[in-house]
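Two independent chains are provided; combine them into the complex using the hints.
Those sequence lines, one after another, are chains A and B.
For the first sequence, counting from 1, position 56 maps to 56 in our numbering; every step adds exactly one.
For the second sequence, counting from 1, position 14 maps to 14 in our numbering; every step adds exactly one.
Please note that the accuracy of each hint is not assured.
Claimed, not checked - Example chain A residues on the side facing chain B (calculated, C-beta under 8 Å, incomplete): (1) V18; (2) R21; (3) V36; (4) T39; (5) I42; (6) E47; (7) R50; (8) D94; (9) L102; (10) L104; (11) G108; (12) R111; (13) L112.
Since the hints were derived computationally from the structure, they do not count as laboratory data.
These numbers come from a predicted model, not from an experiment.
Built from N, CA and C at the ideal position, the CB exists for glycine as well.
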Amino acid sequence: MIVMTKDTMQIVREQDVVPFRNRVRELSTKIGMSLVNQTKLITAASELVRNMLKYGNGGKVMLETISKNAQSGIRLIFEDQGPGIPDVQQAMRDGFSTGKSLGLGLPGAKRLVNEFDIKSAVGEGTTVTIIHWKHGR
Amino acid sequence: MNTTAQLLQNNKSKILETWMQNQLQDNSLRDDLISNEELRRQSDELISSLARATSTGNVDNIHAPEYETVIEILSDISITRARQGFSPRETGMYVLSLKQALSAILEEKHSDQPEVLYKELLIIHRLLDNLSVVTFETYIKGREEVILRQTDEINEISTPVIRVWDGILALPIIGTLDSARTQIVMENLLQEIVNTGSSIAILDISGVPAVDSLVAQHLIKTVSATRLMGAECIISGIRAEIAQTIVHLGIDLSNIKTKASLATALQLAFSMRNVEVRNSSKKTGFSISR
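Bound conformation, chain B alone (with noise of 0.2 Å):
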């Protein structure tokens, strides 16, 4: 057995009650986030594992097999902590405040040797160093799948479907529309057009910031497909400076029906459909008949 796994071994508890001293007196402790108990029971089976994998001889290699539960033990400390919402500071201080322990027991231990001192104190370094880079990946795993679940319920909210009026369906597309977002789009509204048996349908892209020739081929695409369930589509919210970069893309989409603004869009819906809508000579202001 090496030296680390002994003073590991038989300095458990003294390590511990150092570490969780560093971690107490540290000001980025979270005590509203985690309870003392429930730092001193993580911290507690950290140590164990440790102990338990340097026992083996293996103090630089931490993808090898007896490191696994410790990479185990800290990956899922750091991912509860980047879901609670700790900072990247406080979840990496967490490891390296264990540096901080062994390497003052360390000194206390070898005051007398430096040089032993000196190559103790590279070996655990060394370890220790690697076990924060695990968490910091996998802190930044943590955050990435938060991030990814908000993109999907981005998605899911951000292409709602309207009824605007019997047999009119309004689509409000905003932001870039990729390959992901038209499939979305694309099955909203199909499956809204069979809900409610409506015959029109109005896409409205006034809040697309760019229109190339991907997010065209994209329109063309849903267009063709409410054509083939017997609905007629209308894409609205053409502004000028767009209309300008469609025309020098090359882009044709001179058999789809477009307008300006979704008003005027409506209008054409409305005219379509045989409804109209006009300004009653009475008090009411306006009335629609059909």
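Isolated chain A (complex conformation) (with noise of 0.2 Å):
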């Protein structure tokens, strides 16, 4: 896997997710994806980033566009030094949430992607992996 571009965004703030969704769009739009998946990918997106501002007190995300086997995609890594997951196998249930939320967020998020990947450890943060391959089903 070739890594094309990066990029990091800072998420501190509420204020902060639209432009980030805004640029995940704009690299989607740049590698040719389709309209349903560039919805996917920034939905999936704006779930993780909304998590990081409401668990993990903010954090950053890389943004990537990524290449392999002649296919282009886009990966985002969300890294946040928040208090961690304590059970990750919970969390990715549906339904499960501690806020008040639909506690869909992050299996959702997992279903929207084609590769999904976190790691969490208490006290330490959390880092979600997605990748969103142009022609990805």
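Put into structure tokens, the structure is as follows:
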């Protein structure tokens, strides 16, 4: 896998969500992603970035355009230094929420993108990596 | 009394003159926004308070109480300038040109003692650099206030409730639906339901760029609140890509009436109220009957 472009955005306030979403839209348009895939990626990104703000006190996102086997895609890495998730399996279950939300953010984001990876350590923070390919399903 | 304070005290009028000259010569002077008399009054006030503050012997800690008036005057100037539409450069140059004026006078006074000159210059520069940072901070604060006010205004005007038919309301939502916005939408909608006695509300989300679980949750809450008031809610403007996304996210909207476009939502609303829209065979084109 080759990383073509790399960019970082700090997310510390609610107001950072919209510019971030626009940046993701810009990148996915640039690699020629279809509208449906774009919307899926943006929605997943939006979920994760909101989680980061709500539970992780903000953090940073690395935005990369990548290429593998002649297919291009977008990789987003969400990193926060928040309290971490004690039980990742439980957090990935539909309808589980420690806040008062629907509990669909993490499992929903996983269903929306092609590749999803979450690493979390209590007291250290959480890192979520998602990849969506240009011609992903 | 230290030398800096003495310098300010004894050469007040000369400093003011040099400073005024600097300001008037600068290209960025905005005589369209501020009159010369006003500028002179402001500058005079600032030098006087600066002289008072330095006379206490404190020349480096601008957060000390003796600098309160100086900072007050500066903040006042930069906030008014931010509101009047001065650029950051024009605002910053105000304090920085005082630095130039003071440096020039120091140079004249201590031209034969380079060591003293160097020390004095350092003190003056440090002090005025600190003060110019204050100017910038308050300038940006002033601009932020303007932005905040505009955000409020946009929120106010961007959530209109339209009465499209007797008993039917429409709410076009444009932009991101966050908690604050949902609150306004809900308030406006519920109030309008009371005012007009409407029984159907159409929420059109064609203009919402992304529907994530938070937006969906806000929509569901709005629909529930409308139902509690005895009215029915239809969500329209669900585009193909958004429909797919909602399904993948796992959001259940099955007990809410949803339509792809405002037109079909309106049709549904008409049929719910037993209103019929049909082409008339006569030359008028179309007629509405109930």
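Results for each hint:
1. The closest approach between the C-beta of A/V18 and any C-beta of chain B is roughly 6 Å, which is under the 8 Å cut-off, so the hint is satisfied.
2. Satisfaction of the interface hint for A/R21 is found here, the shortest Cβ-Cβ separation to chain B being roughly 6 Å, below the 8 Å cut-off.
3. Evaluation of the A/V36 hint against chain B yields a held restraint, the C-beta minimum of about 5 Å falling below 8 Å.
4. Given the 8 Å rule on beta carbons, the hint for A/T39 holds: about 4 Å separates it from the nearest Cβ of chain B.
5. About 5 Å separates the beta-carbon of A/I42 from the nearest beta-carbon of chain B, less than 8 Å, and the hint is met.
6. Hint on A/E47 holds. Least Cβ distance to chain B is approximately 5 Å, under the 8 Å limit.
7. Contact between A/R50 and chain B, as hinted, is supported at the beta carbon level, the nearest pair being about 6 Å apart and thus within 8 Å.
8. The interface hint given for A/D94 is met, as the beta carbon of that residue sits about 6 Å from the closest beta carbon of chain B, less than 8 Å.
9. Evaluation of the A/L102 hint against chain B yields a held restraint, the C-beta minimum of about 5 Å falling below 8 Å.
10. With its C-beta approaching chain B no nearer than about 4 Å, A/L104 sits inside the 8 Å limit, and its interface hint holds.
11. About 4 Å separates the beta-carbon of A/G108 from the nearest beta-carbon of chain B, less than 8 Å, and the hint is met.
12. Evaluation of the A/R111 hint against chain B yields a held restraint, the C-beta minimum of about 5 Å falling below 8 Å.
13. Here the hint on A/L112 is kept, as its CB sits about 5 Å from the closest CB of chain B, short of 8 Å.
Checked against the numbered hints above, the structure breaks none of them.
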